[in-house]
Amino acid sequence: MALNNIYNDILMEHNMHPDHKHKLLQASDHKTAINPKCEADEILVKKGLNPSCGDEIVLEINVVNDIIKDAAFNGQGCAISQASTDIMADLIIGKSIDEAIKLTDLFIDMIRGEETDPKKLEELDEAMALKDVSHMPARVKCAVLAWHTLNEMLKEKKQK
Amino acid sequence: MNRYKNYFPIMRRNSTLAYLDNAATTQKPDMVIDAVADYYRRENANPLRGLYELSQKATDAYENARKKIAEFIGAAKAQEIIYTRNASESLNLIAFSLSELLLQPDDEILISIMEHHSNMIPWQQAAKRHKAKLIYLYPNEDGIITTAELKNKISDKTKILSLTQISNVLGSEQNLKELIPIAHAHNIVVSIDGAQAIPHEKIDVSSLDCDFYSFSGHKMYAPMGIGILYGKEKYLEAMPPFLTGGEMIDYVDEQTATFAELPYKFEAGTQNVGGAVGLAAAIDFIESIGYNKIIERETELSHLAGEELSKLPYITIYGSNNFSAHHGVIAFNIENIHPHDVASLMDSGNVAIRGGHHCAQPLMRFLKCNFCCRASIAFYNDKADIKQLIEQVKYIRSYFHGVK
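Going line by line, the protein sequences match chains A and B.
Mapping the first sequence onto the working numbering, position 11 (from 1) lands on 154, and the numbers just tick up by one.
Mapping the second sequence onto the working numbering, position 19 (from 1) lands on 114, and the numbers just tick up by one.
Pulled out of the complex, with its shape left as it was, chain A reads as follows:
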């Protein structure tokens, strides 16, 4: 398989220049904040770990009235995991919790090779660029790390 299908422009761009790799400001910092999107509401934080390679991300989302107003991440990992996280943040900002859960499920199904219908996958927008990771079993965990973490985070939030 040609690896430039995976290490394509979209992935390389998100890896080298992530838009969302920073810390979200806490509500208490808000008065002096320069980040106008971050409203004085709850910030959820969850750590995702990939024990097989030691990759670690910390995902933060700002939820206001069930809508994900902002998302950010920090941590270290390979190009696939870093780009995948940044692409995910782009995709879920502005979505409701239920929509975001649906999208993470869809992405994980795509990477596992369980969902291949291009029509359905269109919803994933740029995240479709990671589709070929489904042919690289050793890298599946890299691609889904952030999506799993978000999925768990949102399900925990709903249970509260």
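Incorrect hints may appear among the rest.
[Stated by the list, open to error] Listed next, the in silico DSS-like pairs over lysine-lysine satisfying Cα-Cα at most 25 Å (straight line):
# : chain 1 : residue 1 : chain 2 : residue 2
1 : A       : Lys164    : B       : Lys463
2 : B       : Lys329    : B       : Lys252
3 : A       : Lys166    : B       : Lys463
4 : B       : Lys463    : A       : Lys284
5 : B       : Lys463    : A       : Lys190
[Unchecked claim] To spell it out: a stretch of chain A is covered by chain B in this simulated footprint if at least three of its residues, at any positions, have a beta carbon under 8 Å from a beta carbon of chain B; those stretches are:
# : region
6 : 217-223
7 : 277-289
Worth flagging that the hints you see were computed from the coordinates, not collected in a lab.
Since we're looking at a predicted model, the values are computed, not measured.
Beta carbons are placed, not taken as given, at the ideal position from N, Cα and C, and that holds for glycine.
Fit chain B to the known structure of chain A by using the hints.
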């Protein structure tokens, strides 16, 4: 293709493959594959207990392999050779049974920070079971445990030293002839993890005078699933069994059992006779090449790979600057590119290397790198493989660097 690669069917099928993951497992030569297939074609039966000719053949194949292995590593007696699945199982056996025999609360076990998880986790577990302490030896910048470091860490509570001979990340070899006598002078039992050493140099357990020596077949051209534990008879006799069940018993009552003699006491269940035959064939293979030739080629290629990689300013190499002392193992990082990306992109140029923590997470933290790439050389590799590796490193760097 060089004449050594020609012994390996995988190399013949894929002549442009630069296989540089030999520290993970070596490829298998025809001689080994044929020996295993012949065993199953001609001699297969359950050994040790069948009262018929075929079972006797299987038993002979199994025991002749044991004798060959004993001779190969300089063991005094064949019953000091215990078959296991791999070095991990050998080390688990020692950590379980020797700890049962020796450890009291507050006793100390010495290992180094360079241990593969297989010579670390079994001792963590043993320490937990016996309320003992696990104490670490730290290497100098060349990856060497000095005699001063060892003396410094030995206390009157130290009972066991379990040490890797050659690090699977740094490629550094410990000076066992200096370290083992110091441990013995303090009545410390010494176990050596030789998984990364035996493919690269002649091992003589009698002259090393180690009490235990563990290795895997699959890293020395034999099939996967066969490993060896060498142990001095006096310890093996005294130690309780590890795995129990069929073949390892003498007399069994409803509530109690007595155990078989060595080596069978430690070989529960039907054994991997095909693997043992394959390991014996791998020994023949190594002897037909000769360790002198193996060392000559691997030293030259380690030196070349280290020198060429270190010319690139964006490369960090771990371990000694004397690349000839790396025993084929060159661990490195390309600045700002994750090893998993490097390994995946290497694959696109038909170069097989490993990327990750190499089952040595505490060592990675000690080296402050978390993960790295590892190219590991065997004698059948050649200069063209190293050239392919270097070209691929440059390509990957430009691929990432090209994104502004």
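Worksheet item: Are the Cα positions of Lys166 of chain A and Lys463 of chain B separated by 25 Å at most?
Response: Given pair Lys166 of chain A, Lys463 of chain B holds - Cα atoms ~24 Å apart, limit 25 Å.
Discussion item. Check whether the Cα positions of Lys164 of chain A and Lys463 of chain B lie no farther apart than 25 Å.
Written reply: Holds. Lys164 of chain A to Lys463 of chain B sits at ~22 Å (cutoff 25 Å).
Discussion item. Given the hinted pair Lys463 of chain B and Lys190 of chain A, is their Cα-Cα distance within 25 Å?
Written reply: holds (21 Å)
Practice prompt. Closer than 8 Å, Cβ to Cβ, for at least three residues: run that test on the region 277-289 of chain A against chain B and report holds or violated.
Written response: holds (count 4)
Fill in: Restraint check for Lys329 of chain B with Lys252 of chain B, where alpha carbons must lie at most 25 Å apart
holds (21 Å)
Discussion item. Three residues or more, CB to CB closer than 8 Å: is that satisfied between the region 217-223 of chain A and chain B?
Written reply: holds (count 5)
Fill in: Pair hint Lys463 of chain B and Lys284 of chain A, alpha-carbon separation not exceeding 25 Å
Measuring from Cα to Cα gives roughly 24 Å; hence the hint holds.
No hint from the list above goes unmet by this structure.
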